[in-house]
Structures are given as C-alpha cells and as structure tokens.
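2 protein chains.
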Amino acid sequence: MPLPPINFCSQCGSTVEQKIPQGEDRLRAVCPNCQTIHYQNPKIVAGCIPEWEGQVLMCRRAIEPRLGLWTFPAGFMEMGESSEEAAARETQEEALADVQITSLYAVYSLRRVDQVYIIYRGELRKREFGVGEESLEVQLVSLDDIPWKQLAFPVIHEALTRYVHDREQKSFGVHFGSIAPMTQMPAYESPAQ
Amino acid sequence: MPLPPINFCSQCGSTVEQKIPQGEDRLRAVCPNCQTIHYQNPKIVAGCIPEWEGQVLMCRRAIEPRLGLWTFPAGFMEMGESSEEAAARETQEEALADVQITSLYAVYSLRRVDQVYIIYRGELRKREFGVGEESLEVQLVSLDDIPWKQLAFPVIHEALTRYVHDREQKSFGVHFGSIAPMTQMPAYESPAQ
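As given, the protein sequences belong to chains A and B, one line each in that order.
Going from the first sequence to the working numbering is simple: count from 1 and add 27.
Going from the second sequence to the working numbering is simple: count from 1 and add 27.
Be careful, since some hints might not be right.
For chains that are exact copies, the list does not tell them apart, and a pair is met inside one copy or across any two.
[What the hints assert, rightly or not] The calculated lysine to any residue pairs, modelled on SDA-like cross-linking and capped at a C-alpha distance of 25 Å, are:
| id | residue 1 | residue 2 |
| --- | --- | --- |
| 1 | K197 | Q49 |
| 2 | K70 | G102 |
| 3 | K70 | P181 |
| 4 | K46 | E108 |
| 5 | K70 | Q45 |
| 6 | K46 | E105 |
| 7 | K46 | I90 |
| 8 | K46 | E160 |
| 9 | K197 | P48 |
| 10 | K46 | G159 |
| 11 | K70 | V57 |
| 12 | K46 | M106 |
| 13 | K46 | F103 |
| 14 | K46 | Q82 |
| 15 | K70 | I47 |
| 16 | K70 | G107 |
| 17 | K70 | V168 |
| 18 | K176 | E78 |
| 19 | K153 | Q166 |
| 20 | K176 | R189 |
Simulated from the structure, these hints should not be mistaken for laboratory data.
Given the structure is predicted, the values throughout are model-derived calculations rather than measurements.
Construct the entire structure; sequences and hints are all you get.
This is the structure:
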C-alpha cells in the first residue's frame, strides 16, 4: 500500500504545505510553522530463506494481504536493528524458528509500493519451528514441493525461482533488480479455489 | 540523525498516544481519533562506486554533515524509484556523471542512525563528470590515491577497503554487515587540520 499523504505536521500539529524546499528538486510536505520537512522514503522488508538439510521453511499467511498464501519469513525492518537481525526476528515471529543468517541473497525493489526487499539465506540452528501468530501453517518444504501457484507475492516467486536455479547449479549468486507489480504477473491461484 | 518523535497525527492533526497496538509487540505513535498507527522505519541510502579504467569517481562534500570530506555518490532513496535508479540519480546529482549500474556491491546496516546503505558498482558511460551542487570537488581517483584519512563516514571507509581488497584479489564479493558508529572508529582527520 502506498503511504497516505501528510496533512499535518507531526512535530507541531500545523497544517503542512506542499512545496519544493530550497536546494531540492521535488515537492515535500513542509510545515510553515516549525519549518520541518517531512520526508517520505521507501521501506525495507527484511526476509530470510531458512534452510534445513536441503529443505526451506515456509509459512502460510494468517494475515492480509494474501491471507492463506505461502511465503518465506519477511517483514518490515524496525528501528534500532540491522537488516540481518530483522530477517532473523521475522523468522522467529512467523515460524518460531532460530536461524543463523549465512549470506545475503537478493535485493529487490518494488517501486509501486515503495518497498525494498533485502533477502538473506539462514540456517536453522536446530530442526525446531512452529506456527507464529501471523501464520496459519509452517512447513519444511523440499524444492520439488514449493507451492508455486500459491505464493503470496511476485517477489517471493522471483526469489525462490532464483534459489531453485542456484541450487541446481550448485552456485549461489546475489541477485538484484526490480519486481513488476502483481497485475503484470501470471494470475495466481486463490487458496479458496 | 535519529528521526524526531511523532507528537501529532499527520492525517488528522490530533495529539498521538504512545501505545502497543493489538497484535504487535512494541510502542507506536497511535492516533486516538482516526486510529492511524504511525510506523517509523529505517531509511535506505543508495550509493554507487562509479568506475572508469581502474579509477573510481569521488566527491568532496559541500554539505553537512562531514563537509569537506570525501565519499562516493550516495543519498536517500526517494519514493517511486528502485535502489539502482536511486544510486544512479545520486551519481548524476553529486558528480554530474552518467553511470550504468553493473552489480550489487554491499548492504550495510547503521543501527544507531537507522540507515541501510545499498551500494552498487557502476560504470561511467563516458569520461564526463563535474561538480554537483552538493559537492566541492569531484575527481577520478586511483585506488592508490584514495584519501583514507579524509573519508566522510565509516561506511564509506568499509566499502572502499573491501573494494580495494577485492580488486587486488581480482574477485568481487557482495558484502554485508553492520557498521559501528563513528565514535568507535579510528579518528578521522578534519579537513581543516
């Protein structure tokens, strides 16, 4: 979801103006009272592909959007953490699993929703996992059994496609690029169908 | 600089409350009037190491912080662009140079300032550059001539250290990790000294 527009100054409560600040080249919400410039920037989604003996840990989403569809653990990075810590925290929250982050795997930009996914590979420290609050189901999945038609987002599809390819080649790259919005992707099966 | 606290709702102007929203685990600024939850998240700094015949393009900063010190082009990613586009745009703005982004080079988290640097390598399309508004000076620099004691930030020091090492090894990795704050780094020379 795009961020909502800024109407009021979060510092002093005044109504903001849309103007181009001196030395800049684009419209910003600027407070005419306290002069605060309210920047809006893309957000980071930190993700982890958790690995255990050739399988990967996947979660079926218990929350919107894309409730009922499959993903690897991923979520918004919080203040005060590194992106590796965020990826490991999301794995703990969504799959109750303890991972050691082992490598950077991909950086993907989603321009239409102003998100950047930073995806790591992680190794489960032991074969223990469970169903976190935001998940309906959590499973270790062999690469042959990835539910391709029930993946939650195009970025998950892209990362796992690369991952399977890299595993077949026995050589892991670090991938980057832009991901097209869902409307430009092949239709995904709804879990209700 | 850490983000300032949120006092007022940017949607409706009401005074916000600090509370833990249902289903979450940490304090957020929440509007008691329109129920908006105001998330604050780390910001992305997109950077580029622009290359030309073994040299790299560096800029001396004309703005605070660290005015007068050297960096490669880098700046906050804007809404509606990819991180590669942001890195190329910063190179255009700060060094008036046109780069083709060729590879992802590093992802570094700076926890104390809630920034994540996403750094690419880029190739100058031609040997043309100039002094952008935020720069005092822009130069193509041989790796032997990198001004190590006058670099603007620890993250720039770390990335260029790796870069020189990788070039010596003739093998470029993709690097990631956390960067310690400036106070834990060796003292940097001030340009005035």
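Now for the hints, and whether the structure bears them out:
1. K197 x Q49: neither (52 Å within a copy, 44 Å between copies)
2. K70 x G102: For K70 and G102, both the intra-copy (10 Å) and inter-copy (15 Å) Cα distances are at most 25 Å.
3. K70 x P181: For K70 and P181, the Cα distance is within 25 Å both inside one copy (17 Å) and across copies (23 Å).
4. K46 x E108: Between. Shortest inter-copy distance 20 Å satisfies the 25 Å Cα cut-off; intra-copy 33 Å does not.
5. K70 x Q45: Cα proximity of K70 and Q45: in one copy and across copies (22 Å, 21 Å).
6. K46 x E105: Only across copies: K46 and E105 sit 16 Å apart there, 29 Å inside one copy, limit 25 Å.
7. K46 x I90: Between. Shortest inter-copy distance 21 Å satisfies the 25 Å Cα cut-off; intra-copy 37 Å does not.
8. K46 x E160: This pair counts as between: shortest inter-copy Cα distance 20 Å, intra-copy 42 Å.
9. K197 x P48: neither (51 Å within a copy, 44 Å between copies)
10. K46 x G159: Answer is between; shortest inter-copy Cα gap is 22 Å, intra-copy 44 Å.
11. K70 x V57: Answer is both: 21 Å inside a copy and 19 Å across each meet the 25 Å cutoff.
12. K46 x M106: So K46 and M106 pass the 25 Å test across copies only (16 Å; inside, 28 Å).
13. K46 x F103: Between. Shortest inter-copy distance 19 Å satisfies the 25 Å Cα cut-off; intra-copy 29 Å does not.
14. K46 x Q82: neither (52 Å within a copy, 39 Å between copies)
15. K70 x I47: This pair counts as both: shortest intra-copy Cα distance 22 Å, inter-copy 21 Å.
16. K70 x G107: both (14 Å within a copy, 11 Å between copies)
17. K70 x V168: neither (29 Å within a copy, 33 Å between copies)
18. K176 x E78: within (21 Å within a copy, 42 Å between copies)
19. K153 x Q166: Answer is within: at 14 Å inside a copy they meet the 25 Å cutoff, but 51 Å across does not.
20. K176 x R189: For K176 and R189, the Cα distance is within 25 Å only inside one copy (16 Å; across copies 41 Å).
Checked against the numbered hints given earlier, this structure breaks hints 1, 9, 14, 17; the rest are met.
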